[in-house]
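Put together the whole structure using the sequences plus the hints.
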Amino acid sequence: MNHWIIAPVVLPALLAPLIGYIMRHDITLARAASVTGTLLFAGIAVGLAMLASLDGTAQVYRLGDWAAPFGIVLVLDRLSALMVLLTAILALIVLIHAIATEWDAKGRHFHALFQFQLMGIAGAFLTGDVFNLFVFFEILLIASYGLMIHGGGKERMQAGLQYVVLNLAGSTLFLFALGTLYASTGTLNMADLALRMSEMPLEDAAIVRVAAMLLMIVFAVKAALFPVQFWLPGTYSNAPAPVAALFAIMTKVGAYAILRVHTLIFGPGVPATEGMPESWLFAAAIVTIAIGALGVLGTRRLMPLIAFSVIGSMGTLMLAISAFSPQGTTAALYYLIHSTFAGAVLFLIADLVVTRRGGDKLTPQPPITENGLFAALFFAGAIAMAGMPPLSGFLGKLLVLDALRNPADIIWAWPAILAGSLVTIVGFARAGSVLFWKSTAMQPAAPTSDVEDDTPAPKPPNHPRAMALAPSFAALAILAGLAIFAGPVTTYVGQTSAQLFDRQGYVDAVLNSPLNAAPNTKVIKGHGDSYGDDDAHIEGHEDTGDRAADEPATEDGGH
Amino acid sequence: MEMLVASAIGMLTAGGVYLILRLRAFPVILGLALLSYAVNVFIFASGRLATNMAPILQDGVESYTDPLPQALVLTAIVISFGMTAVLVMVSLGAYLERESDEINVPDPDRDLDEERNEAEAGQ
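These protein sequence lines are chains A and B, in that order. With positions in the first sequence counted from 1, the corresponding number in the numbering used here is that position plus 540. With positions in the second sequence counted from 1, the corresponding number in the numbering used here is that position plus 16.
Since the hints were derived computationally from the structure, they do not count as laboratory data. Certain hints may be false.
Straight line, CA to CA, 16 Å or less: simulated EDC-like cross-link-like pairs of lysine to aspartate or glutamate [said to hold, decoys possible]:
(1) A/LYS978 x A/ASP1042
(2) A/LYS694 x B/ASP117
(3) A/LYS694 x B/GLU113
(4) A/LYS694 x B/GLU134
(5) A/LYS694 x B/ASP127
(6) A/LYS694 x B/GLU18
(7) A/LYS646 x A/ASP566
(8) A/LYS694 x B/ASP123
What you are looking at is a predicted structure, and each value in this text was computed from that prediction instead of being measured.
In structure tokens:
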């Protein structure tokens, strides 16, 4: 048992109260602590990613050293390590942007909430127990409520209220799904659920199917999938821009949960739910792409435009996931990394543009200072999001198209993705030309007349320019890097999806018993004092790299 | 007893959904509270209904009730309680900012429409 696995959860959990209570009056100290904490978080994430790809088996962290179906476990496999690493890099970019543009000083407790947010996201990626997944969802949500209304203001409070209500309703649905699942299977451990589901006779499958679809709706709310995508434009466009950029990973939490739960537990080959998640997800993803593309074309403000493009990218991602095949998942994971950074960088660039313009209306206004620089940045971000070469969006969409070559899929999926991309390009091109080109045709006049009533008049930003631009450039560099190193990255995500589809391996790692083992092993484990023996027998399966936890376990096992 | 518990869950859920659909802050808070009560009872019942049975292993006891849903429901109660408190604060903040307790976000383009109408009227 390697204790570093729980570090991404423990570190922000310890840091956040420190920032919230001790450093609440000193923004400089809070910034320093938050950046240091996020850097450490990123370091741990890199270490975990290396650990996960070291020997290719899932590593299990048993909380309190209780054996798997009884205690709660965290599971580190390539997928969860990849997602935590993605979170860490995005968090660093967003945090530096928030500090450089002084968003974090517009309200209180930004950094404490930010760390709690990281804790919840990391926990959701690492957990191996569905009820624990619910708990981490609540942690990341309650932090996101605070971040969402950070800075206040009429529109934002209103959008925040809608966001809170929607997610509370979603959480209730999550609990209903978990209750249904527990009532029909008697367990909430993911590996144990996978085991029970594969053995479930067809005549008992009805209730489990309900649970599977309820869970899918819950995750679809997070992932902004049709028909529960309606909350996203209002939320993202009214959230503080760095928070909206961080929320790029929150939709991916939903995608990850669908990928994990509906592959591992209700996955392909499970007779009880055979084919059901796939077909629903496929149809929903197609409609989501259409909504995203039409929204990009139809909206008349910059922030909702980006929010709709995020919806479109989630549709493409879900389309790849809905194949539930190793190849589809490889494409989905590559596109997931890409779309996280593409969505985030667009929000960051839009933030810089909107502060300079004084509003996000897509109407011609006198040009902002350094119009060309921001036009170039927006152009690059739009290229990435729309999926044009040379950035990684093109390769991502190509991989997705390639994965969906099954004749039944091709007639819906290809036109949806290609037409969606075209419409998105048109929408972004129109927005960019209004923002940056039509503006240059106007006389530079006093900009006060067009300023929105409910937002304070824009002050010329007085923060250091390089610091404010660096995060956007870093994110664009990552997108370019994703395209340049597409070979190694696809190899890595290919191994990740291969491991994800090795359900037997996951179950073995968590429960230490093959799928076909005698079912009475669990009965033996049920007696209180025998779990020490289990641990002794676990050691044989585990790799080395675990020092501290070995000793008590072997002592226990030696009686 | 099954009938009683099932109908109680059903009525709480129906009332909760109805109140949420009112789309005003106060009824929605009450509706979400009702829904969370419903789901708490639901989770509690997911371990099967049993009366007068021990949850923890004891000598000489033959039949047990499932202790896990009780632990789950405790977690769910704590979380929903905290979330309701957050919701009340956020809705109070939104109400004080806007003097309106509607849940839905207004159409983001409405002031653009107003501007255009004004411009057309001006011409």
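Hint check:
For the proposed pair A/LYS978 and A/ASP1042, the alpha carbon gap of about 54 Å is over 16 Å, so the pair is violated. Taking the CA atoms of A/LYS694 and B/ASP117, the gap is near 12 Å; set against the 16 Å cutoff, the hint holds. Of the pairs offered as hints, the one joining A/LYS694 and B/GLU113 holds, with about 5 Å between alpha carbons and a cut-off of 16 Å not exceeded. The straight-line distance between the Cα atoms of A/LYS694 and B/GLU134 is roughly 23 Å, outside the 16 Å bound, and the hint therefore fails.
Restraint check: the Cα-Cα separation between A/LYS694 and B/ASP127 comes to about 14 Å, which is no more than 16 Å; the hinted pair holds. For the hint linking A/LYS694 to B/GLU18, the alpha-carbon distance of about 47 Å lies beyond 16 Å, and the restraint is violated. The suggested pairing of A/LYS646 with A/ASP566 holds, with an alpha-carbon distance near 14 Å, which does not exceed 16 Å. The hinted pair formed by A/LYS694 and B/ASP123 meets the criterion: a straight-line CA distance of about 14 Å does not exceed 16 Å.
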